[in-house]
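Participant: What follows is each chain in one-letter form.
Number of protein chains: 2
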Amino acid sequence: MKETELSGHISSQFDHELDSLRGRLLKMGGLVEQQLSAAVSILSEGPPQDADHLRGKEKQVNRMEVSIDEAALRLLVRRQPAAGDLRMLIAILKTNTDLERIGDEAERAAAMATSLLRKEHRLPGYHVENIRAIGAHVCNMMAGGLDAFARGDTRQALEVIRMEDKLNQDYAALLKQLLTYLMEEPRHAQTGMDSIWLGRSLERIGDHTCNICEYVIYVDTGRDVRHTDLKTMERHFNRDG
Amino acid sequence: MKETELSGHISSQFDHELDSLRGRLLKMGGLVEQQLSAAVSILSEGPPQDADHLRGKEKQVNRMEVSIDEAALRLLVRRQPAAGDLRMLIAILKTNTDLERIGDEAERAAAMATSLLRKEHRLPGYHVENIRAIGAHVCNMMAGGLDAFARGDTRQALEVIRMEDKLNQDYAALLKQLLTYLMEEPRHAQTGMDSIWLGRSLERIGDHTCNICEYVIYVDTGRDVRHTDLKTMERHFNRDG
Numbered sequence: 048m049k050e051t052e053l054s055g056h057i058s059s060q061f062d063h064e065l066d067s068l069r070g071r072l073l074k075m076g077g078l079v080e081q082q083l084s085a086a087v088s089i090l091s092e093g094p095p096q097d098a099d100h101l102r103g104k105e106k107q108v109n110r111m112e113v114s115i116d117e118a119a120l121r122l123l124v125r126r127q128p129a130a131g132d133l134r135m136l137i138a139i140l141k142t143n144t145d146l147e148r149i150g151d152e153a154e155r156a157a158a159m160a161t162s163l164l165r166k167e168h169r170l171p172g173y174h175v176e177n178i179r180a181i182g183a184h185v186c187n188m189m190a191g192g193l194d195a196f197a198r199g200d201t202r203q204a205l206e207v208i209r210m211e212d213k214l215n216q217d218y219a220a221l222l223k224q225l226l227t228y229l230m231e232e233p234r235h236a237q238t239g240m241d242s243i244w245l246g247r248s249l250e251r252i253g254d255h256t257c258n259i260c261e262y263v264i265y266v267d268t269g270r271d272v273r274h275t276d277l278k279t280m281e282r283h284f285n286r287d288g
Numbered sequence: 048m049k050e051t052e053l054s055g056h057i058s059s060q061f062d063h064e065l066d067s068l069r070g071r072l073l074k075m076g077g078l079v080e081q082q083l084s085a086a087v088s089i090l091s092e093g094p095p096q097d098a099d100h101l102r103g104k105e106k107q108v109n110r111m112e113v114s115i116d117e118a119a120l121r122l123l124v125r126r127q128p129a130a131g132d133l134r135m136l137i138a139i140l141k142t143n144t145d146l147e148r149i150g151d152e153a154e155r156a157a158a159m160a161t162s163l164l165r166k167e168h169r170l171p172g173y174h175v176e177n178i179r180a181i182g183a184h185v186c187n188m189m190a191g192g193l194d195a196f197a198r199g200d201t202r203q204a205l206e207v208i209r210m211e212d213k214l215n216q217d218y219a220a221l222l223k224q225l226l227t228y229l230m231e232e233p234r235h236a237q238t239g240m241d242s243i244w245l246g247r248s249l250e251r252i253g254d255h256t257c258n259i260c261e262y263v264i265y266v267d268t269g270r271d272v273r274h275t276d277l278k279t280m281e282r283h284f285n286r287d288g
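Chains as they are written, first to last, in my numbering: chain G, 48 to 288; chain F, 48 to 288.
Do not take every clue at face value.
[What the hints assert, rightly or not] In silico DSSO-like cross-links for lysine-lysine, where the CA-CA straight-line distance does not exceed 30 Å: (1) F:141 / G:104; (2) F:106 / G:104; (3) G:141 / G:74; (4) F:106 / G:141; (5) F:106 / F:74; (6) F:141 / G:106; (7) G:278 / F:106; (8) F:166 / F:141; (9) F:213 / F:141; (10) G:223 / G:166; (11) G:141 / F:74; (12) F:278 / G:104; (13) G:278 / F:141; (14) G:223 / F:166; (15) G:166 / G:141; (16) G:141 / F:104; (17) G:223 / G:141; (18) G:213 / F:106; (19) F:141 / F:104; (20) F:278 / G:106; (21) F:74 / F:166; (22) F:104 / F:166; (23) G:166 / F:141; (24) G:141 / F:141; (25) G:278 / F:104; (26) G:278 / G:223; (27) G:141 / G:278; (28) G:106 / F:213; (29) F:141 / G:74; (30) F:223 / G:223.
[Said to hold, decoys possible] Simulated restraints on C-beta separations: (31) F:93 / G:125: 51 to 61 Å; (32) G:66 / F:96: 52 to 62 Å; (33) F:94 / G:202: 20 to 30 Å; (34) G:216 / F:216: 48 to 58 Å; (35) G:66 / F:216: 20 to 30 Å; (36) F:276 / G:231: 20 to 30 Å; (37) F:129 / G:102: 35 to 45 Å; (38) F:106 / G:282: 13 to 23 Å; (39) F:273 / G:215: 45 to 55 Å; (40) F:94 / G:125: 46 to 56 Å.
Treat the hints as calculated values from the structure; they're not laboratory data. The structure presented is a predicted model; accordingly, all values stated were derived computationally and were not measured. Ideal Cβ positions, reconstructed from N, Cα and C, are used throughout, including at glycine.
With the sequences and hints as input, model every part of the structure.
Facilitator: Written out as structure tokens, the structure is:
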């Protein structure tokens with residue numbers, strides 16, 4: 048085999064391994080997305096019939112996190128990836144952490160939603176509706192973030208980051224409403240608190256999703272945009288947008 | 048130069064660069080530790096005289112996070128570190144993220160503590176005392192975690208992870224007390240909520256500190272102990288302890 052053939056062979060095998068690793072991460076992302084949408088739908092449809100199945104998913108996500116880190120590490124050890132591929136591996140390692148934490152928050156959100164349903168005194172419908180709307184928005188953000196990761200699409204990643212503004216506004220409004228609820232219904236403070244924790248978990252999931260979008264931009268453009276405000280990002284990446 | 052001399056030279060330079068990177072991460076850890084202790088001391092000593100100085104620290108931490116990631120990446124690109132050093136680089140990348148998030152939570156805690164002091168209606172002294180005790184415990188955890196990282200000491204890392212039990216108990220007790228406060232003092236629900244958010248930030252900081260301790264164990268022993276309970280860890284690493 049000639050040297051160029053050999054190196055082509057090695058690099059295509061590396062590409063194959065990197066692709067397969069990205070595929071596993073996206074599969075994990077899909078599981079976490081299911082955890083999130085199951086949590087959000089508890090408020091409208093009641094606790095899932097197969098809670099055991101969901102718990103199994105959480106364990107599966109934890110196992111995947113560890114095994115994806117290990118595989119990324121092995122790839123780093125065996126190959127000496129060039130800058131672009133290295134960025135992708137770093138992004139995989141960081142996204143892996145954020146996805147696992149989204150899974151944790153989704154689990155917390157599910158527990159809070161279930162606890163709310165069990166309360167004798169039901170949370171007034173408009174609060175439930177507001178939480179559900181926030182949940183739906185966060186589900187959209189996460190679907191968009193995973194899609195941006197799958198396609199390495201900076202423009203889509205920016206769109207998801209832009210969605211965080213609405214999330215922050217809606218979350219702040221929800222907190223204000225629930226504070227009023229705590230004042231007016233002190234006997235149901237536990238209900239108010241469960242609702243606040245549920246909203247908080249959803250807000251955190253939006254945050255982690257934005258982290259993932261920042262890694263997408265980093266892989267695609269080589270620019271580290273953490274701690275950069277949205278306007279500056281848009282000036283850089285979206286002049287014609 | 049003979050080949051062994053050359054490789055010795057290269058490896059000692061790599062060691063030097065890796066040490067310098069660990070040093071920078073520990074320096075960042077020191078800054079974050081100062082942010083945390085400043086936040087905790089607000090409850091007893093009032094808002095810091097130089098709030099601008101603290102905000103400057105936060106920006107410095109953000110810049111350090113980005114530059115440490117970049118340096119770790121450059122080191123990965125230029126060298127082909129063996130398994131142990133590679134584990135250290137991965138641990139640096141992951142610890143970097145957790146430290147920055149601890150800084151964020153410390154900032155939130157400081158804002159909540161300052162808001163509590165501004166309230167006309169002061170939080171009853173025993174709640175303040177309980178929050179302060181949790182803050183002191185978390186400061187100890189963080190000092191221990193950074194020390195374990197600096198010395199690569201699995202035993203000390205396990206000790207810090209063990210401290211999380213008390214944190215979780217005290218935090219759960221605080222939440223219960225504050226829920227009662229919300230019920231009894233509905234007019235001061237904002238005060239109750241600020242206190243809950245403050246406690247929550249401290250609890251999150253304890254969580255991130257335990258993550259760092261898990262990376263220490265990973266570097267030192269090669270074992271990934273995430274999602275492993277404390278008893279199992281102790282069986283493995285601390286048989287004679």
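Participant: Take the hints in turn and mark each one as holding or not.
Facilitator: Right, here's what the structure says about each hint:
1. F:141 / G:104: holds (24 Å)
2. F:106 / G:104: With Cα atoms ~38 Å apart, residue 106 of chain F and residue 104 of chain G exceed 30 Å; violated.
3. G:141 / G:74: Cα-Cα ~16 Å, so holds.
4. F:106 / G:141: Distance of about 21 Å is within 30 Å: holds.
5. F:106 / F:74: Between residue 106 of chain F and residue 74 of chain F the Cα gap is close to 14 Å, so the pair holds against 30 Å.
6. F:141 / G:106: holds (21 Å)
7. G:278 / F:106: Between residue 278 of chain G and residue 106 of chain F the Cα gap is close to 18 Å, so the pair holds against 30 Å.
8. F:166 / F:141: violated (38 Å)
9. F:213 / F:141: holds (25 Å)
10. G:223 / G:166: holds (22 Å)
11. G:141 / F:74: holds (22 Å)
12. F:278 / G:104: holds (23 Å)
13. G:278 / F:141: The hint holds at about 28 Å.
14. G:223 / F:166: holds (17 Å)
15. G:166 / G:141: violated (38 Å)
16. G:141 / F:104: holds (24 Å)
17. G:223 / G:141: With Cα atoms ~33 Å apart, residue 223 of chain G and residue 141 of chain G exceed 30 Å; violated.
18. G:213 / F:106: holds (25 Å)
19. F:141 / F:104: holds (21 Å)
20. F:278 / G:106: Holds, at roughly 18 Å.
21. F:74 / F:166: violated (35 Å)
22. F:104 / F:166: Holds: residue 104 of chain F and residue 166 of chain F sit about 26 Å apart, inside 30 Å.
23. G:166 / F:141: Not OK: residue 166 of chain G and residue 141 of chain F at ~40 Å, beyond 30 Å, violated.
24. G:141 / F:141: holds (8 Å)
25. G:278 / F:104: Holds - the C-alpha atoms of residue 104 of chain F and residue 278 of chain G are around 24 Å apart, at most 30 Å.
26. G:278 / G:223: Distance ~27 Å between residue 278 of chain G and residue 223 of chain G Cα, so the pair holds.
27. G:141 / G:278: The hint holds at about 24 Å.
28. G:106 / F:213: holds (25 Å)
29. F:141 / G:74: Holds. Residue 141 of chain F to residue 74 of chain G sits at ~22 Å (cutoff 30 Å).
30. F:223 / G:223: Distance ~21 Å between residue 223 of chain F and residue 223 of chain G Cα, so the pair holds.
31. F:93 / G:125: 51 to 61 Å: Given about 56 Å between the Cβ atoms, the range holds.
32. G:66 / F:96: 52 to 62 Å: Holds, since residue 66 of chain G and residue 96 of chain F (Cβ atoms, about 55 Å apart) stay within the stated range.
33. F:94 / G:202: 20 to 30 Å: violated (43 Å)
34. G:216 / F:216: 48 to 58 Å: At roughly 36 Å between Cβ atoms, residue 216 of chain F and residue 216 of chain G fall outside 48 to 58 Å, so the hint is violated.
35. G:66 / F:216: 20 to 30 Å: Violated - the Cβ-Cβ distance for residue 66 of chain G and residue 216 of chain F, about 46 Å, lies outside 20 to 30 Å.
36. F:276 / G:231: 20 to 30 Å: violated (42 Å)
37. F:129 / G:102: 35 to 45 Å: holds (39 Å)
38. F:106 / G:282: 13 to 23 Å: Between residue 106 of chain F and residue 282 of chain G, where Cβ atoms are some 20 Å apart, the hint holds.
39. F:273 / G:215: 45 to 55 Å: violated (30 Å)
40. F:94 / G:125: 46 to 56 Å: holds (53 Å)
Figure legend: structure checked against the earlier numbered hints; hints not met, in rising order: 2, 8, 15, 17, 21, 23, 33, 34, 35, 36, 39.
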